[in-house]
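Assemble the complex: chain A is given as a structure, and chain B must be docked to it using the hints.
Sequence order for the protein chains is A and B.
Here my numbering = 1-based position in the first sequence + 139.
Here my numbering = 1-based position in the second sequence + 145.
Simulated from the structure, these hints should not be mistaken for laboratory data.
Among the hints, a few may not be true.
[What the hints assert, rightly or not] Only some residues are given here: those of chain A computed to face chain B with a beta carbon under 8 Å:
hint, residue
1, Leu269
2, Ile284
3, Asp375
[Claimed, not checked] Computed cross-link-like contacts, BS3-like style, restricted to lysine-lysine with a CA-CA straight-line distance of at most 27 Å:
hint, chain 1, residue 1, chain 2, residue 2
4, A, Lys582, A, Lys512
5, A, Lys512, B, Lys245
6, B, Lys245, B, Lys171
7, A, Lys582, B, Lys245
The beta carbon of each residue, even a glycine, is placed where N, CA and C say it ideally should be.
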Amino acid sequence: MNPQLLQDLSRFYPELAVTFTLLLVVTVDISLTRGRRAATFLVTALGLLAAFALSVPLFWAPAGTLFYGMVAVDRMAVFFKGFLVLSSFLVLLAAPGSRELSERQLGEFYALLLGATLGMMLLASSVDLLMVFLSLEMVSVCSYIMVGYLRNDRQSNEAALKYYLFGAVSTGAMLYGITLLFGLTGTTKMALIRDMLAQGAAAGDNSLLLLVSAALILAGFGFKTAAVPFHFWCPDVYSGAPTPVTAFLSVAPKAAGFAALVRFFFTGMSETRGLFLQWSTFSPLNWTLLILILSIITMTLGNIAALRQDNMKRMLAYSSIAHAGYILMGVVVLNGEGIQAILIYLITYLFMNLGAFLVVIEVYNRTGSFDLKDYRGLWRRSPFLTVSMAIFMLSLMGIPPFAGFFGKLFVFAAAVNRNLAWFAVIGALNSVVAVYYYARVIKTMIIESGEDESLISVPLASQALVWVMMIPTVGLVVVWEQIQKLTSQSLRLFLGA
Amino acid sequence: MIGLGHYLVISAVLFSLGIMAVLTRKNAVNVLMGIELILNAANLNLVAFSKFTAGNLNGQIFAVFVIVIAAAEAAVALAIVLSMYRLLRSVDLDRADTLKG
Chain A
140 MNPQLLQDLS RFYPELAVTF TLLLVVTVDI SLTRGRRAAT FLVTALGLLA AFALSVPLFW
200 APAGTLFYGM VAVDRMAVFF KGFLVLSSFL VLLAAPGSRE LSERQLGEFY ALLLGATLGM
260 MLLASSVDLL MVFLSLEMVS VCSYIMVGYL RNDRQSNEAA LKYYLFGAVS TGAMLYGITL
320 LFGLTGTTKM ALIRDMLAQG AAAGDNSLLL LVSAALILAG FGFKTAAVPF HFWCPDVYSG
380 APTPVTAFLS VAPKAAGFAA LVRFFFTGMS ETRGLFLQWS TFSPLNWTLL ILILSIITMT
440 LGNIAALRQD NMKRMLAYSS IAHAGYILMG VVVLNGEGIQ AILIYLITYL FMNLGAFLVV
500 IEVYNRTGSF DLKDYRGLWR RSPFLTVSMA IFMLSLMGIP PFAGFFGKLF VFAAAVNRNL
560 AWFAVIGALN SVVAVYYYAR VIKTMIIESG EDESLISVPL ASQALVWVMM IPTVGLVVVW
620 EQIQKLTSQS LRLFLGA
Chain B
146 MIGLGHYLVI SAVLFSLGIM AVLTRKNAVN VLMGIELILN AANLNLVAFS KFTAGNLNGQ
206 IFAVFVIVIA AAEAAVALAI VLSMYRLLRS VDLDRADTLK G
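This is chain B alone, in the form it adopts within the complex:
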């Protein structure tokens, strides 16, 4: 029987993978994928808690909002990355290095 613990473990793994991707990847688009993983880990948590412990729909409603926010964020992020590509002809984060000090 799949219980709450299984969901939580999967979500913790997803969260860690997301953080890993953000910290180690050099390609901006890969980093955006990592951020999506973080948000979806939270979604999984919300739905699982909503079903197993809270006993109400609040968590699932929250998850729907998170999906919407994730879409909005991704749109803005891709616009920024696109404009970076126009300026640098690259989406390599290491090339974004003019601001230092």
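The following block holds chain A by itself, in its conformation from the complex:
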């Protein structure tokens, strides 16, 4: 065996840990007869923790590529590995407490969650388009099954079907775009694609082909990040899927999609001109304009559609589309500040969005409903859930001092510093629109009164989990310097071949 490959394996420990855990969970699930539930949960939790612990030292490892230039190990990749493992871990903790899932065997669910996690970790670090496609499909296939996990539930099945159809077409289109790019440049490695484009591989007549292929590839990333016009699956899938899966889809694959999008467009489609963390596009393809338009449409459509939703899961689906629009702003500015804003936004989004879904799970466990009207009078039934939901909603709005405010602040600031003040204004106007539907939830919970006034008792474990989300949402401002330091240190993209 090539000694280089063995050496590469030593920088691949987090992925190996997840793979090993995946196999172990399947084995434990089929070999134990009693105590399966606890055993599979424990194995998955420990495996994810191990993967997190193993990714930490890689942060200071030398940057480079592994396995003949397929995946990169750089700070950005390691940041996302930690982020994705953490979000999978939080979803894992939420899964057994949900009534929708807890009536079923969960061993396979954990295995699928681990499979999706592995795919996302690879997606966030792949520097070869073959690897991008493979890992994207790995995430997608695992999530299709997770969405349809409630086999006898009509809505869950329908959501899985819709998710599959949109996913397969988007990734198919992306694949077609990749083949065109391969035809133009003769390579699938992002760094070499950039070099070929710099040498004029897409000059003249070929520039249209480059535009088409970039737009098609964007379809795949747009699907993963739920950006307009690839968002149609989002509300239906979010409302049909089991809620822990919805929570997972709204955070983790979205973040992995953004990681891959940034890596592809910054490594393959733009060049650095001397200055550190400054990029510029190639003359035949001004893709930032494309993403700028997408970003504006995404946030506007997401926010406006969310206004008239009466189902919490659908409302949060459109809200997550709108947030994808804000995050895309960080891509458009095309510099280190923009990427840092994306990372900060994702950190804040992880806690506030998962937190909101946790409360939705708890309310459903008791009322069996996702309708906003069943949140009436929640204040009298469970002050704890009401206060925590209000905090998550205020944070999603972007009200200081909650975490969401800082995410928005950095994204808007990045746009202003790049002379795109009007763009930041559009973002700010959108946030104003968003206040309406988030505040409506708070109003429904506190001011309106419902018929059912029985108390909702929240199990201790779920309460603890809500606290785990709420403390960072409220207290992120305390550790702000560390967050800034972490994200600014994570801005190392390995741009070589």
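Chain B only, in chain A's frame:
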């Protein structure tokens, strides 16, 4: 002499037919066929580019991976469609209409 252009035209036609099938067909299995067409259009592109312009085997290796992925996707898709049939006694996509709003 058959050149690169011929392959690209065929593949573009296949791709368009695939998209057409996905957009217009009501039967879930037909839609799955359309998706297969899209993936195979990409395969044809990969192999043709690999032979005519890139001058290396990367494209053909890529195509092999795509075939594997297509099989995995089809397996999952058929499982979902099968479970839809069990629930609704139909594979008509218009009947999957409970999620709206």
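Taking 27 Å as the top limit, are the C-alpha atoms of A:Lys512 and B:Lys245 close enough? Between A:Lys512 and B:Lys245 the Cα gap is close to 17 Å, so the pair holds against 27 Å.
Minimum Cβ distance from A:Leu269 to chain B below 8 Å? 5 Å, holds
Status of the A:Asp375 interface restraint (C-beta, 8 Å, chain B): 4 Å, holds
Does the structure keep A:Lys582 and B:Lys245 at a Cα separation of 27 Å or less? 25 Å, holds
Interface restraint verdict for A:Ile284 against chain B (beta-carbon cut-off 8 Å): 6 Å, holds
Has the given pair, A:Lys582 with A:Lys512, been kept, meaning a C-alpha gap of at most 27 Å? Cα-Cα ~11 Å, so holds.
Holds or violated: are the alpha carbons of B:Lys245 and B:Lys171 at most 27 Å from each other? 18 Å, holds
Consistency with the previously given hints is maintained throughout, with no hint failing.
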